[in-house]
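Novice: Given next are the chains, with one letter for each unit.
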Amino acid sequence: MAITAAEEAPAVLFGTAPAVAATIYPTRLRLAHVLVGVAFLLVAATLSVLIGPADLPAGGVIKYLLSKLPFVHLHSGLSTTGSIVVWQLRMPRMVLGGLVGAMLAVAGASYQGVFANPLADPYLLGIASGAGAGATIVIVEGPALGHLPQSALPPAAFIGGVIAVAATFALGRARAADRSAASMLLAGVAVSAFFVAVQTFLMQRSSPGDLTLVYGWILGGLSTAGWGQVGLVLPYVAVAAAMLFACRRLLDVLTIGDEEATSVGVRASHVRLVVILAATLGTAAAVSVSGLIGFVGIIVPHTIRLIAGPSYRRIIPLSLLFGAGFLILADIFARTVLSPGEVPLGVVTAFLGAPFFLVVLRQAKRLG
Amino acid sequence: MKRPRATIAFVIACSLFATCGVSSASPALGGAVDRPAATSPAFPVSVKSGDGTVRIASRPERILCLSPSATQMLYEIGAGSQVVGVDEYSTWPANAPRTKFSGDETNAEDYLYLKPDLVIFAYPSGTMIQQLQKLKIPVLLLSAATTIANVDSQLAELGTATGHVSGAKNVESSFAADIASAVRTAGGHGRGATYYIELDPTNYYTATSGTFIGAEFSLFGMRDIADGAGHGSEYPQISPEYILKEDPDYVFLADTVCCGANAETFARRPGFGVLNAVHLHHVIGVNDSVASQWGPHTMETFVSLLARVLRQGASS
Numbered sequence: 001m002a003i004t005a006a007e008e009a010p011a012v013l014f015g016t017a018p019a020v021a022a023t024i025y026p027t028r029l030r031l032a033h034v035l036v037g038v039a040f041l042l043v044a045a046t047l048s049v050l051i052g053p054a055d056l057p058a059g060g061v062i063k064y065l066l067s068k069l070p071f072v073h074l075h076s077g078l079s080t081t082g083s084i085v086v087w088q089l090r091m092p093r094m095v096l097g098g099l100v101g102a103m104l105a106v107a108g109a110s111y112q113g114v115f116a117n118p119l120a121d122p123y124l125l126g127i128a129s130g131a132g133a134g135a136t137i138v139i140v141e142g143p144a145l146g147h148l149p150q151s152a153l154p155p156a157a158f159i160g161g162v163i164a165v166a167a168t169f170a171l172g173r174a175r176a177a178d179r180s181a182a183s184m185l186l187a188g189v190a191v192s193a194f195f196v197a198v199q200t201f202l203m204q205r206s207s208p209g210d211l212t213l214v215y216g217w218i219l220g221g222l223s224t225a226g227w228g229q230v231g232l233v234l235p236y237v238a239v240a241a242a243m244l245f246a247c248r249r250l251l252d253v254l255t256i257g258d259e260e261a262t263s264v265g266v267r268a269s270h271v272r273l274v275v276i277l278a279a280t281l282g283t284a285a286a287v288s289v290s291g292l293i294g295f296v297g298i299i300v301p302h303t304i305r306l307i308a309g310p311s312y313r314r315i316i317p318l319s320l321l322f323g324a325g326f327l328i329l330a331d332i333f334a335r336t337v338l339s340p341g342e343v344p345l346g347v348v349t350a351f352l353g354a355p356f357f358l359v360v361l362r363q364a365k366r367l368g
Numbered sequence: 001m002k003r004p005r006a007t008i009a010f011v012i013a014c015s016l017f018a019t020c021g022v023s024s025a026s027p028a029l030g031g032a033v034d035r036p037a038a039t040s041p042a043f044p045v046s047v048k049s050g051d052g053t054v055r056i057a058s059r060p061e062r063i064l065c066l067s068p069s070a071t072q073m074l075y076e077i078g079a080g081s082q083v084v085g086v087d088e089y090s091t092w093p094a095n096a097p098r099t100k101f102s103g104d105e106t107n108a109e110d111y112l113y114l115k116p117d118l119v120i121f122a123y124p125s126g127t128m129i130q131q132l133q134k135l136k137i138p139v140l141l142l143s144a145a146t147t148i149a150n151v152d153s154q155l156a157e158l159g160t161a162t163g164h165v166s167g168a169k170n171v172e173s174s175f176a177a178d179i180a181s182a183v184r185t186a187g188g189h190g191r192g193a194t195y196y197i198e199l200d201p202t203n204y205y206t207a208t209s210g211t212f213i214g215a216e217f218s219l220f221g222m223r224d225i226a227d228g229a230g231h232g233s234e235y236p237q238i239s240p241e242y243i244l245k246e247d248p249d250y251v252f253l254a255d256t257v258c259c260g261a262n263a264e265t266f267a268r269r270p271g272f273g274v275l276n277a278v279h280l281h282h283v284i285g286v287n288d289s290v291a292s293q294w295g296p297h298t299m300e301t302f303v304s305l306l307a308r309v310l311r312q313g314a315s316s
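Line order of the protein sequences matches chains R and Z.
By this note's numbering, the letter at position 177 of the first sequence is numbered 177, and the numbering carries on one by one without gaps.
By this note's numbering, the letter at position 97 of the second sequence is numbered 97, and the numbering carries on one by one without gaps.
Since the hints were made in silico from the structure, they are not lab data.
Since the model is a prediction, treat every value here as computed from it, not as a measurement.
Check before you lean on any hint, since a few could be wrong.
Here are the simulated DSSO-like cross-link-like pairs (lysine-lysine), alpha carbons at most 30 Å apart as the crow flies [claimed, not checked]:
1. Z:Lys100 to Z:Lys115
2. Z:Lys245 to R:Lys68
3. Z:Lys169 to Z:Lys48
4. Z:Lys134 to Z:Lys100
5. Z:Lys245 to R:Lys63
6. Z:Lys134 to Z:Lys115
So the derived label-pair ranges between C-beta atoms look like this [to be verified]:
7. Z:Leu112 to R:Val196: 31 to 39 Å
8. Z:Thr127 to R:Arg205: 50 to 58 Å
9. Z:Ser81 to R:Pro143: 50 to 58 Å
Some chain R residues near chain Z, calculated using beta-carbon distances under 8 Å [claimed, not checked]:
10. Ile84
11. Leu338
12. Gly341
Heads up, the beta-carbon is just placed ideally off N, CA and C, and yes, glycines get one too.
Given these sequences and hints, build the entire structure.
Specialist: Structural data, given as structure tokens:
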């Protein structure tokens, strides 16, 4: 494996030495991969706004969306309700699905890189259990806490997720001064177990109705998506994705090990801190509006890894594109397979994702 | 967001794997009931319980009732004086001896301090029924009714089981008369009107006409927009887009207690402001229990409310 100097990596953030971050793999992001990713995302997004139980004419939907562009004046022929379905239901749902999918995929890839663990996912350090405990507290103990409104659920989930990861980080740091990956993982297991215990205790004391609400949140979904939620999540996802994108070369460096990374001027512990911070904030924001959607953070990065190679210079940007497209497609499936009924999105991602991933894995072995 | 006992207990059971009033409890909600005892049949008796039959050797004098609907029935038929404990969700009548039991307990020993000689459930919980049977305590399982006729048959079974056969018959008659009176009050308004009943504001769980709450709407000839959406589930999760497409004439929010839903919050959801029901002020908040309790008191109160709403809706 050739080690080449990184050009614009923000290594100054992570090392006392000059910016001598390195990349391990001589692979660069290929235009063909990006074009396929963009095409995949566009197809998913287009299908998402065209398909739904309202049976709107595709031509009318496209004309309506085009008419939203500046200087374009088209008569869509959609009724008022049709226009509202497209602009207030389908569009924000598609955008939110894309943001959540992109965030979960890129966070999963980053965690896998920073912990050198192929099973790492965005929920590794306790976000899921912390957010779950936060959401459960609002649902079950809402009346005792002054009748918390439904709108308190996303911030509670966000705060719960952030607290859990902060606790993991503090615990991991206490166990090992250098904040090694192993100590962080162990701390994550302990913190997750604690918050799961809190959540389980509350659920055990709750009514069946509350249980349904908790399960509904745990299984994830985008049925209440609106532009307000998009506005809520977008800044977090944008900042987190930008930070993780900037760290893609450093993630490649970490694959050679902490000590080796230090020898080329990269402080593994600092990289880990920044990556975890970015991935945590982005994931917590995504989870707060969508609930726990599993599997995206594992199957998307691994599929990309199998197809495009192990370099994070490819995996990170492609995870953004394919993660967004994957979750948008999964959501289409969730709201059409039993239409006009819906299936929880987390169920769909696992149901579709697991066999799909096995096929990719099998194919890769055959080719390899 | 505490939810009365089982608003969507059905949803958990069916899709995975009522005391009513407009937003607040009706005046009769907390009323005490003290009906005279009726004639006793000869014991032992056999009554239907779940899928089987249970034999009750002598008239039960210490009944533990862990079903809010059955609690209503017991007090209506005159068996209230035999009840020593009810679950925490049995809010009617107010003088029922409420306990902290939810009905989800897994250890029969929990109930023994009450020395029950009959335990009534709406849902089987783990191996509880088998445990109680080993303790020689008769168990009556009265699962969720799906029709008005189911309610009548449960009244009859409770009458037989508790020694209040004639009391049960009287309640059946008055129940039928009250329902018929409410339907007359509506004056045919509502026939063909569409409705959506919401059980959960975040996942849009609802109930079809194949449920007991749906049966109450069917009395007035109303059509449930969720019919056909369940794919085998009577408590399906539907999409908000479908609600917009169907544009129901009436919306009933049975998630006012758990989740604070009301007409204003409903109208503020993306796209819902254009719904016909919103424009016509036909979005009605009801107590969550209307969707989980099929006791006569809950059903009569809800059907009366429905009749008033439909009559007012016709004049608006």
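Novice: Could you run down the list of hints and mark each one as holding or not?
Specialist: Now the hints, each set against the structure:
As the CA atoms of Z:Lys100 and Z:Lys115 are separated by approximately 16 Å, the hinted pair is consistent with the 30 Å bound. With a C-alpha separation of about 22 Å, the suggested pair Z:Lys245 and R:Lys68 falls inside the 30 Å cut-off, and the hint holds. Using a Cα cut-off of 30 Å, the hinted pair Z:Lys169 and Z:Lys48 holds, with the two alpha carbons roughly 17 Å apart. At most 30 Å may separate the alpha-carbon atoms for a hinted pair to count; Z:Lys134 and Z:Lys100 meet this at roughly 24 Å.
This hinted pair checks out: Z:Lys245 and R:Lys63 have alpha carbons roughly 20 Å apart, not beyond 30 Å. Under the criterion of a C-alpha separation no larger than 30 Å, the hint pairing Z:Lys134 with Z:Lys115 is consistent with the structure, at around 15 Å. Checking the proposed 31 to 39 Å range against Z:Leu112 and R:Val196 shows it holds: the Cβ atoms sit about 32 Å from each other. Evaluation of the 50 to 58 Å hint for Z:Thr127 and R:Arg205 yields a failure: the beta carbon distance comes to about 21 Å.
For the hinted restraint 50 to 58 Å between Z:Ser81 and R:Pro143, the CB-CB distance of approximately 33 Å leaves it violated. The restraint placing R:Ile84 at the interface with chain Z holds, with a minimum CB-CB distance near 4 Å, inside the 8 Å limit. About 5 Å separates the beta-carbon of R:Leu338 from the nearest beta-carbon of chain Z, less than 8 Å, and the hint is met. Annotation: R:Gly341 was flagged as interfacial toward chain Z, and the flag holds, the nearest CB pair being 4 Å apart, inside 8 Å.
The structure is inconsistent with the numbered hints 8 and 9, although it conforms to all the rest.
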